[in-house]
Amino acid sequence: MARSGRPPPARTQATVMLSRVAYSLYWMSRQIERAENMSRLLDVNLQFLLDFQGFDDAGLKEHWGSILASAGDEALFATVHETADSRTVTDFLAFDLRNPRSILSCVFAARENARMIRDQISTEMWETMNEMYLFLKDRSATDIWIAGPYDFFQHIKRHSHLFQGLTDATYPRSEGWEFIQFGKWIERADQTTRILDVKYHILLPQAADVGGAVDTAQWQAVLRSASASEAYHRFYVQEILPWKVAEFLIFSDSFPRSLHCCVLQVDELLRRIVGETSARARTEAAKAARRLMTDLASLTIAEVLERGLHEFLLDVQLALERIGDEVVKTTMFYSSEFDPEEQQQQQQQQ
Amino acid sequence: MSILSSTYDCGPFCDEMYSAAGTIRPHYRRLAERLETLPEADFQQRRAAIDLAFLRRGVTFTVYNDSEGTERIFPFDLIPRIIPASEWKRLEAGLVQRITALNLFLHDLYHQQKILKDKVVPAAQVLSARHFRREFMNFSVPRDIYVHICGTDLIRDDAGRYLVLEDNLRCPSGVSYMIENRAAMRRAFPNLFQSYGVRPIEGYADALLKSLRYITPRPGDKPSVVLLTPGVYNSAYFEHTFLARQMGIPIVEGRDLVVRDSHVFMRTTAGLVPVDVIYRRIDDDFIDPSVFRPDSVLGVPGLVGAYRAGNVALANAIGTGVADDKVIYAYVPKIIKYYLDQEPLLPNVNTYLASEPADRKFILENIAKLVVKSANEAGGYGMLIGPAATAAECADFRAKVAAQPRNFIAQDPIMLSRSPTWCDGQLEGRHIDLRPYILAGEKTVVTPGGLTRVALRKGSLVVNSSQGGGSKDTWVLKGDL
Chain A
665 MARSGRPPPA
675 RTQATVMLSR
685 VAYSLYWMSR
695 QIERAENMSR
705 LLDVNLQFLL
715 DFQGFDDAGL
725 KEHWGSILAS
735 AGDEALFATV
745 HETADSRTVT
755 DFLAFDLRNP
765 RSILSCVFAA
775 RENARMIRDQ
785 ISTEMWETMN
795 EMYLFLKDRS
805 ATDIWIAGPY
815 DFFQHIKRHS
825 HLFQGLTDAT
835 YPRSEGWEFI
845 QFGKWIERAD
855 QTTRILDVKY
865 HILLPQAADV
875 GGAVDTAQWQ
885 AVLRSASASE
895 AYHRFYVQEI
905 LPWKVAEFLI
915 FSDSFPRSLH
925 CCVLQVDELL
935 RRIVGETSAR
945 ARTEAAKAAR
955 RLMTDLASLT
965 IAEVLERGLH
975 EFLLDVQLAL
985 ERIGDEVVKT
995 TMFYSSEFDP
1005 EEQQQQQQQQ
Chain B
5 MSILSSTYDC
15 GPFCDEMYSA
25 AGTIRPHYRR
35 LAERLETLPE
45 ADFQQRRAAI
55 DLAFLRRGVT
65 FTVYNDSEGT
75 ERIFPFDLIP
85 RIIPASEWKR
95 LEAGLVQRIT
105 ALNLFLHDLY
115 HQQKILKDKV
125 VPAAQVLSAR
135 HFRREFMNFS
145 VPRDIYVHIC
155 GTDLIRDDAG
165 RYLVLEDNLR
175 CPSGVSYMIE
185 NRAAMRRAFP
195 NLFQSYGVRP
205 IEGYADALLK
215 SLRYITPRPG
225 DKPSVVLLTP
235 GVYNSAYFEH
245 TFLARQMGIP
255 IVEGRDLVVR
265 DSHVFMRTTA
275 GLVPVDVIYR
285 RIDDDFIDPS
295 VFRPDSVLGV
305 PGLVGAYRAG
315 NVALANAIGT
325 GVADDKVIYA
335 YVPKIIKYYL
345 DQEPLLPNVN
355 TYLASEPADR
365 KFILENIAKL
375 VVKSANEAGG
385 YGMLIGPAAT
395 AAECADFRAK
405 VAAQPRNFIA
415 QDPIMLSRSP
425 TWCDGQLEGR
435 HIDLRPYILA
445 GEKTVVTPGG
455 LTRVALRKGS
465 LVVNSSQGGG
475 SKDTWVLKGD
485 L
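Residue numbers (this note's numbering), protein chains in the order written: chain A, 665 to 1014; chain B, 5 to 485.
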């Protein structure tokens, strides 16, 4: 059971972190980050369609289809809805509890994780999380459509930022902090690959369309989905060029949602969580992270495009998944041999 | 308009605030003066603010068998229950006497059984008790303390006399509400506290941790203490996290613990870490599937072995349930006399045992005038309030009692005291009880206060949260006014 790399735990209680608690912290953090990204993505795209009302049904379907594909939820969506349009996709990605990655599912799950470790997080963190949950619980999807979804997405984003800010301001810089941060950065990296990938799924434009109004607006939407529009303009001070957008979101070493920045943090946290300190990585997770780091530090956008942006992004997603899985397995994993329903029943008999 | 009404009706009951219609008891006078000057709108606003704060903070309990919105806040009433110092002093002495005697009783039951040999308590009653753990005969618990945490339910009859309704010696809950209620009242009436001389209760968690550390199997070393919870679906989960947070100890589920060579460890991100003391909020039956219920998925296989080997301490000890069996309850006055050679300071409610032929006959003939309780249920379940029950319900219980006499007791119905409570836009009398919390460690301490529960339904005598009960802040005063 002992993990390599860490000093043996002292008998004092402050240093002890239950595996189950680490697991809940990690997922709570990921789920909130995921809900925030999904909110931004939907918000930006609904806005985008308002600006370009000329889309016909096929265009709409393609647009929303690409968002579903990048979210990785096409198959599940097909079992619930027949056509992909603004309403069905937004319902599915935002409000549908049958979709475990919908905003609602993420917030509910994050809150349940927070409730399980209520004693471990600050009152401020818990109250913010709980408010977010109460806000969602009190509203139906129909109410939100009537009020206009903009306020809704705004609310989720604000609360996510508030939660992360409060975490920063009130959570001790202990082991738990590392798991919270690890969850946040790995999810953020994953979300950035998906945001970029949306554009791949919108069929590559005809040569004549490149630089046209729609194309530029779509890349603008990609930037805004990653909160990167202003930072991009500050950095390049010029018009939006597809490869520049991709370059910025992949390689920037200063923008906090770029892949490079996220993976830097993931790598750093890995060193602390699994105790990877030597020059040569021992765990698969650290190896994958370092390989990723090397790529992000040395490749150029031309090389990525040559290999294929979509393929590159898929590889990154896979590497991130492998890193996450291994960390869960080595530090947070415990198998529950029991049926969750049976557990719930017995918990209630006490 | 003030919320205090001149038409408040005390009824035939003892009212906490009024000694007679229109006459306010001295220790409530300053509260009444404050309420006189408080416009109803202000009062309502403070109520709403408290409810919202409870909801936001997640101060909730879980209602079972309720498919929607399973988390609820425990309804809170703003009118406090006030206890003057001299009254509290008598209660405190009575409670300490009772827990002291019960701990001696448990030690004796699990060792020489002198009290059974002397026939003060019939052996058959003890040996047939569901929570008597014969596996723990001749096993010595650390410091000879069985019950470390006790919540005793007290009521007042129509003459204002305090009576013990029941002892909760297994995993009494509710203490977090006592503390949260106080915090809420402080926010609602900050100035009143300063002038009133209300004794603080916030030391509870410290005192609890101290009594838990006191039983560590390795004195000298800083003990590693954990709280063992059934899990997030348990109705008292909020309380478990609350107490763990207040004490700064980890909260663990059964699956977080593992036993190796009769030592208990918790699974942490850095490997296994030893555990010395477990404040367990899981019943005996579920605590170790290798000893008790084999189908338990909440417990820790091997925990009892580690406990027997003296490598880990449990609070409360295994087997305390025998002493809060409602049949054994009837013998507590005799138990106090037997071990302490003292008269009980707090009397019991007059109780009839269905297992005794004469009592049984009386119960069966008078069931409609009695309160019948099953010997091992809690939470207001499995009971009959004869005067309020239908003929069919009475017949049903009569059959149950006749079939399983050991499982039932009956008591004279008590006209529980009432307190003014905000109901439907005005103050009305509602029945209340009181659960103070007693901690037995190096010293036995009673937190000055407790959980006052109130039956919000008009005329109801059932105060349990699962049955429409609410709660009030309980003020124990430094003086008598």
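Honestly, the hints are just simulated from the structure, not real lab data.
Nothing here was measured: the structure is a model prediction, and the numbers come from that model.
Possibly wrong hints are sitting among the right ones.
Heads up, incomplete: computed chain B residues facing chain A, CB under 7 Å, no partners named [to be verified]: (1) LEU56; (2) PHE58; (3) ARG60; (4) GLY62; (5) THR64; (6) SER144; (7) LEU158; (8) PRO234; (9) VAL236; (10) ASN238; (11) ALA248; (12) ARG271; (13) ILE286; (14) LEU302; (15) GLY306.
So the derived label-pair ranges between C-beta atoms look like this [to be verified]: (16) A/LYS801 / B/ASN380: 46 to 56 Å; (17) A/THR834 / B/THR41: 55 to 65 Å; (18) B/ALA396 / A/HIS745: 30 to 40 Å; (19) A/GLU776 / B/GLN48: 29 to 39 Å; (20) A/HIS745 / B/ALA403: 38 to 48 Å.
The C-beta atom is built at its ideal place from N, Cα and C for all residues, glycine as well.
request  = Against the earlier hints, flag every one the structure doesn't satisfy and list their numbers going up.
outcome  = Numbers 1, 2, 5, 6, 7, 15, 16, 17, 18, 20 - these are the hints that the structure violates, sorted from lowest upward.
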